[in-house]
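Asker: Fit chain B to the known structure of chain A by using the hints.
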Amino acid sequence: MIVRGADRVLVQGITGRQGTYWAERMQAYGTRIVAGVNPKKAGTRHCGVPVYASAGEAMREAGFDVSVLFIPPLGVKAAAQDAIEAGCRRLVILTEHVPVQDVMGLLAIARANGAAVVGPNTAGLVTPGACFVGFMPAFEAAIFRPGRVGVISRSGSLGTLICLNLVQAGFGQSAFIGIGGDPIVGTTTRDALGMLDADERTDAVVVVGEIGGTMEEDAADYARAMQKPVVAFIAGAASPAGKKMGHAGAIVMGDKGTYASKRRALEAAGVEVLDTPSGVGRALHAALG
Amino acid sequence: MNFEEHAAKPLLQAAGIAIPRGRVARSADEAEAAAAQFAVPVVVKAQVPAGKRGKAGGIRTADDPQAARETARAILGMEIAGHRVAALLVEERAAIAAEYYAAVLNDPASKGPLVMVSPDGGMNVEEIAASMPERLRQTRVDILEGFGLDAARAMLGGLGLGSDEEPLAETLVALYRAYRENDAELLEVNPLARLADGRLVALDCKFVLDDSGIQRQEALAQAGSPEPLTALEARGQALGLKYIELDGDIGVLGNGAGLTMTTMDVIAHHGGRPANFLEIGGAAYTKATPALELVLDNPKVTCLAVNFCGAFARTDVMIAGVIDAWEALKPTVPVFFSVHGTGSAEARAILRERLGVRPHETMDEAIVASIAAARDAGGSP
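Read top to bottom, the protein sequences are chains A and B.
Okay, so the first sequence: first residue is 6 according to the working numbering, each after it adds one.
Okay, so the second sequence: first residue is 3 according to the working numbering, each after it adds one.
With the rest of the complex left out, here is chain B:
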């Protein structure tokens, strides 16, 4: 789960890393009031859970409260990376003397935390990493040992940081602690600025909460930014189902992310267009009834491909659920089944007895048949 800057920065502050004074504003009035309160020049920053806000014109300076009001009016309502700007962070403007980069993230390659630091913070850190890799230091952390001052100092040695080296080392240790305490997938500060008065201050922060960590970070997750959802997707989420609405006309119901993605791939491969991703594998395999309702409530759906290959998810339980929903909803769209794996003999018997249909022998056959039906309905070319 992504967090907007204003929701991420308090995690740094709680770990002892300084952040600028700031206030969230949801209107030009509030932005003006915040600037008046600080009584210094400010930065007005669009709050969206996406990068490249500056390049999109969502971060601007204002020298006085009246300018803050006008700037806020210009930024509120902008669209940045698909997100509409509804909130701003108004912060006191810093006099920046140097910009550093620091991050801690989950690293699949080493199966542990990775700490990164660079003396070349700012917008072009990816290019620095590519062109001058020696300027982007990376340290793989043994999670059982943790990351202390000695390790932080060792990372920073030889970068010519002078009197910034020790406070930077302390900041890295604090950043690692915040990463651990908050089940971060990523905690990134860019820039980490040295101000004219010598203080190190985190001017921006990106925090991604591990989705599997939410179950023990519920209070924290309240401050996060859930993915924007369509009405049907929101219904799916409320039911505990992963439903993604797509542009096509063939409704898809599968079990397991891998098989359901593959169902979409094979539909596309044979020239059809999936209307959705919806998987009811894992613990969701008992939810076939509300799942089918969800697929059918998409008005674009002209036919349905049901593809089950049971491992943990029992196909007999899933098929019974689908038929329950089918009998209740009495849909008119044609449906094509491919059913294999755990419980499939029972599932086939249930299909025969209750719906009078036989599943196709292979997934490809069921999908090719569903594409033909979609064409008959005037859909997929």
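The shape of chain A in the complex, shown without the other chains:
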């Protein structure tokens, strides 16, 4: 999912401390926030926009294209369902520690309604120079600058560091897609790679992965056929291997999920895998000629 400056954004949970802090920063950057949701404060205004009791009411009264959720973990499924049933087709879920079965449930509802979900446990999306959704430091000129490199990251902090290294190397970003650090997320590395592959403002892609799961291996399959260069950094080379989940986990995962497996799969697909994030500029200069 890529957000553009024209997109109208709803903030579910706008009146909370984090919702307020980040709504103000999004607005200052240019994100078109049109409304917020908090059932207890419906009818008031916050951050200069009306607050509604539900996403359904916000859709009827204000209309919106993207919803961003600043909602506590156990409320996320219901809030996402509210937005999807209101007709929202793009959701960004920032919350960490949403029970995985709730995530599977809300993703099934999204799938049935043709809605795309980014997250949970994502730092959000940035289109430098236009808008951002979530809690990314889009407004830091040393980190985000309009350009032609797309960045996909499971981690907000590490993705931020990669963006900083890109700017230091003279690049800017076409889009930052934070896909989230949870085991099950709405938009996978491979999904995001497809979006940036199709995006005409993007010339090259940086994939920022982590050990665990098989998203990087799956993305490698896609990267193999791409014309645009892809470089990657995978966090966790020096971390101890994760726990093994019974026979079933071993059967589902096979030999994937480790640093070695991800690196091997990406390199076999022609993706340069960096030893340190600071190598990203050199790698892109080499790849783009």
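No wet-lab data here; the hints were simulated from the structure.
All C-beta atoms in this analysis are idealised placements derived from N, C-alpha and C, irrespective of residue type, glycine included.
Be a bit skeptical, because a hint or two may be false.
[Claimed, not checked] Derived pair list, reagent style DSSO-like, types lysine-lysine, alpha-carbon separation capped at 30 Å:
| no. | chain 1 | residue 1 | chain 2 | residue 2 |
| --- | --- | --- | --- | --- |
| 1 | B | Lys-57 | A | Lys-261 |
| 2 | A | Lys-261 | B | Lys-54 |
| 3 | B | Lys-302 | B | Lys-244 |
| 4 | B | Lys-244 | A | Lys-261 |
| 5 | B | Lys-332 | B | Lys-289 |
[As the list claims (entries may be wrong)] Taking CB as the label site, the calculated pair distances span:
| no. | chain 1 | residue 1 | chain 2 | residue 2 | range |
| --- | --- | --- | --- | --- | --- |
| 6 | A | Pro-151 | B | His-271 | 49 to 59 Å |
| 7 | A | Gln-86 | B | His-271 | 23 to 33 Å |
| 8 | A | Ala-255 | B | Ala-198 | 29 to 39 Å |
| 9 | B | Gly-380 | A | Arg-287 | 40 to 50 Å |
| 10 | A | Ala-255 | B | Gly-159 | 37 to 47 Å |
| 11 | B | Pro-333 | A | Ala-117 | 54 to 64 Å |
| 12 | B | Ile-98 | A | Ala-255 | 18 to 28 Å |
[Stated by the list, open to error] Reference excerpt, derived from the structure (chain A facing chain B, CB under 7 Å, subset only):
| no. | residue |
| --- | --- |
| 13 | Gly-48 |
| 14 | Thr-49 |
| 15 | His-51 |
| 16 | His-102 |
| 17 | Pro-104 |
| 18 | Gln-106 |
| 19 | Met-109 |
| 20 | Met-141 |
| 21 | Pro-142 |
| 22 | Ser-162 |
| 23 | Leu-166 |
| 24 | Glu-215 |
| 25 | Tyr-227 |
| 26 | Ala-240 |
Answerer: Same frame as chain A, but now just chain B:
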């Protein structure tokens, strides 16, 4: 969170799946008493949250109470996969006629539940899955529709199960219900045995509770087995901080799991050795003060690398917290900062005014400097 067998099996029983009679024993006396109570041959099973207990010699049979006492004495205190055996499950021994395998788990590939079943249960189910995949049936479940008897029967068709097919279908449905009700990441029965008398009984059970589900499964989580922690790790957990003690000498403080893992990776890449993983991202970014105390209380730490790249976590708040702790503790170890992202202009100003230091321009520079300091202190080669 992992559960030991004795803590997992009651979940099956509550869902209507039969389990053998059993009692937990923490001493040879208790094992003998349990065997005497059942008055039949028993199995004495080491209770540790790990697999391959049988292969490690942690599961043995005993024909009478005296044998149960001796067996218990042999198993208690064993070490299995890094866990010391402090408890046993003494169960009536079953006369097994057939062994099946059944599991439900969260499946990232389909973003939904996955039900698995095989007529070839037992210790080698992974090999069966690899060599005879048609003998390990897998069904992706639409979580909105659930998993009922028709779906279970469809999975089992053609496996030649005879009169076991219907009770197996009922067991799969019950297993799925238990998985849903308990926020399982994994619920696995292996073996699911047909006894000589025809009953289906779950002889072993592995349950992993989704860590994000604990917040609404607090009573259940009390029965789980938390990861074994060092004293410092336990302090971190009590503070709500993810701290992992490692073997090196460079203390690490970062924000976000990804960046903190990367800090460790880059230390290793440049030839240093991290002393810990500690991240104060997300909701923990206000806890920089106790976090720094934790890092410095590890006696192996000879220098410190602080690597912040703020997104949600504000670096000005984190740096102020670090300096508060620094001023209170007055540590003598050298410290190297890399600070970027949300609030970094303010953070740099605070560092300059209060500590008189300037952060390094890049993470690699800060890390290379910290490795040099560790070498000066006689640490990393």
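Asker: Each hint should be assessed against the structure and marked as holding or not.
Answerer: Right, here's what the structure says about each hint:
Distance restraint check for Lys-57(B) and Lys-261(A): the Cα-Cα separation of roughly 25 Å lies within the 30 Å cut-off, and the hinted pair is therefore satisfied. Between Lys-261(A) and Lys-54(B) the CA atoms are separated by roughly 21 Å; this keeps the pair inside 30 Å, and the hint holds. Restraint check for Lys-302(B) and Lys-244(B): satisfied, since their Cα atoms lie roughly 19 Å apart, inside the 30 Å limit. Under the criterion of a C-alpha separation no larger than 30 Å, the hint pairing Lys-244(B) with Lys-261(A) is consistent with the structure, at around 25 Å.
Distance check on the hinted pair: Lys-332(B) and Lys-289(B) sit about 18 Å apart at the alpha-carbon level, within 30 Å; holds. A C-beta distance of roughly 31 Å is found between Pro-151(A) and His-271(B), which places it outside the suggested range of 49 to 59 Å. For Gln-86(A) and His-271(B), the Cβ-Cβ distance of about 44 Å falls outside the hinted range of 23 to 33 Å, so the restraint is violated. A beta carbon spacing of about 31 Å between Ala-255(A) and Ala-198(B) agrees with the range 29 to 39 Å that was offered as a hint.
Taking 40 to 50 Å as the suggested C-beta distance range, the pair Gly-380(B) and Arg-287(A) does not conform, at roughly 34 Å. Checked against the hint of 37 to 47 Å, the C-beta distance between Ala-255(A) and Gly-159(B) comes to roughly 26 Å, which is inconsistent with it. For Pro-333(B) and Ala-117(A), the hinted distance range of 54 to 64 Å is satisfied, since their beta carbons lie about 56 Å from each other. Separation of Ile-98(B) from Ala-255(A) is about 24 Å and conforms to the stated range, judged on CB atoms against 18 to 28 Å.
Proximity of Gly-48(A) to chain B is violated relative to the hint, the smallest CB-CB distance being about 29 Å (cut-off 7 Å). Restraint check, Thr-49(A) versus chain B: the minimum CB separation of about 25 Å is more than 7 Å; hint violated. Hint on His-51(A) is violated. Least Cβ distance to chain B is approximately 20 Å, over the 7 Å limit. At its closest, the beta carbon of His-102(A) sits 4 Å from a beta carbon of chain B; the interface hint therefore holds under the 7 Å criterion.
For Pro-104(A), the interface hint holds, the least distance from its beta-carbon to any beta-carbon of chain B being 4 Å, beneath 7 Å. With its C-beta approaching chain B no nearer than about 6 Å, Gln-106(A) sits inside the 7 Å limit, and its interface hint holds. Interface restraint check: Met-109(A) against chain B, minimum CB-CB distance 5 Å, threshold 7 Å, status holds. With a cut of 7 Å, the hint placing Met-141(A) at the interface with chain B holds, because the nearest CB-to-CB distance is about 5 Å.
The beta carbon of Pro-142(A) is positioned within 7 Å of a beta carbon in chain B (closest approach about 4 Å), and the interface hint is therefore held. A least Cβ separation of about 3 Å between Ser-162(A) and chain B falls short of the 7 Å threshold, and the interface hint therefore holds. With a cut of 7 Å, the hint placing Leu-166(A) at the interface with chain B holds, because the nearest CB-to-CB distance is about 4 Å. Restraint check, Glu-215(A) versus chain B: the minimum CB separation of about 6 Å is within 7 Å; hint holds.
At a threshold of 7 Å, the smallest CB-CB gap from Tyr-227(A) to chain B is about 15 Å, leaving the interface hint violated. Hint on Ala-240(A) holds. Least Cβ distance to chain B is approximately 4 Å, under the 7 Å limit.
When the structure is compared with the earlier hints, violations turn up for hints 6, 7, 9, 10, 13, 14, 15 and 25 and for no others.
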